[in-house]
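K.L.:
So you can see what is in the structure, the chains are spelled out below.
Number of protein chains: 2
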Amino acid sequence: MSMTIYQASIPVFIRMLENLSSILDKAVAHAEAKKIDPAIFINARLAPDMYPLNRQIQIATDVVKACAARLAGIEVPSYEDNESTFPELQARIAKTVAFLQSVSAEQINDSEERKITLKLHDKATGFLGQTYLFNFVFPNFYFHLTVAYTILRHNGLEIGKMDFVGDY
Amino acid sequence: MSMTIYQASIPVFIRMLENLSSILDKAVAHAEAKKIDPAIFINARLAPDMYPLNRQIQIATDVVKACAARLAGIEVPSYEDNESTFPELQARIAKTVAFLQSVSAEQINDSEERKITLKLHDKATGFLGQTYLFNFVFPNFYFHLTVAYTILRHNGLEIGKMDFVGDY
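Protein chains in written order, with our numbering: chain V, 1 to 168; chain W, 1 to 168.
I should point out that these hints are in silico values taken from the structure, not numbers from a laboratory.
There could be a bad hint or two in this list.
Simulated crosslink set (EDC-like; lysine to aspartate or glutamate; CA at most 16 Å straight-line) [to be verified]:
id	chain 1	residue 1	chain 2	residue 2
1	W	LYS119	V	ASP49
2	W	LYS95	W	ASP62
3	W	LYS123	V	ASP167
4	W	LYS161	V	ASP49
5	W	LYS95	W	GLU18
6	V	LYS161	W	ASP49
Just chain V, same shape as in the assembly:
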């Protein structure tokens, strides 16, 4: 049996977003226990010219909602990017998961060779569906998820790689 592009994308995105959501729950509990203003975590960065935690999560969710929509050939949902609290970030993750769940295998399968054109750095870049998933979506998605993890870890949250990769 061969793989399908649906199996390679939607359930994987949902699983990783659920792991992220659990990590944010731990951050909230940690901030409460230590009496740290949650905004300190939300606005934390690993370098002055890197994005803070909330923007990392906005971009991670952007990447996968756009992927699901483009592979399905439907309009990419537009989000406002105005999340500045943990509950708002959790709502954004939940909204993204709900959208991903709304896209069916039938809509996505056979998009392996669909032409996808993105505007990157002011030039149009064309991908086939599967190249888009493996060379663009995954590296970008995992990059922002991991940076979100490292921002919290660097700032003292007691999490480990199992929180990131999830249980098996």
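We have chain V already, so just place chain W on it with the hints.
P.N.:
Positioned in the frame of chain V, the structure of chain W alone reads:
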């Protein structure tokens, strides 16, 4: 045309390791230009109980060499984990890429449903080939690649996400 597990794995791993190699070249040039001992970067960590740069790269390469071997049903190459300089880390990346290139599509395809058993946290965990790739290998590989990137970025290396995700 459906995807193959080879396309989803080996060329993706090689591409990302080549991006990592380019980032390490930039780190070496930066250390030279700023007269910083390269060992400072090699031993840098984002938290006292996170692994330093060299170990992140050892694990990232471990994950993909093991994946290629397990999907192909051949022995996983054993590396010594003794790299402590940038040239040694580059050699490890090159050795890993050469091993990945030695595994053919014919050896790997049809491993989507091969049973793969890993010992994780002292218990045996079974995966099918494609679940192993998407739920274990990719999250682990990208995690360690991104942590390596953020260690360097946090320590002042002037790199951007395009260095991580690569050109298109």
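K.L.:
Which hints, by number, does the structure contradict?
P.N.:
1
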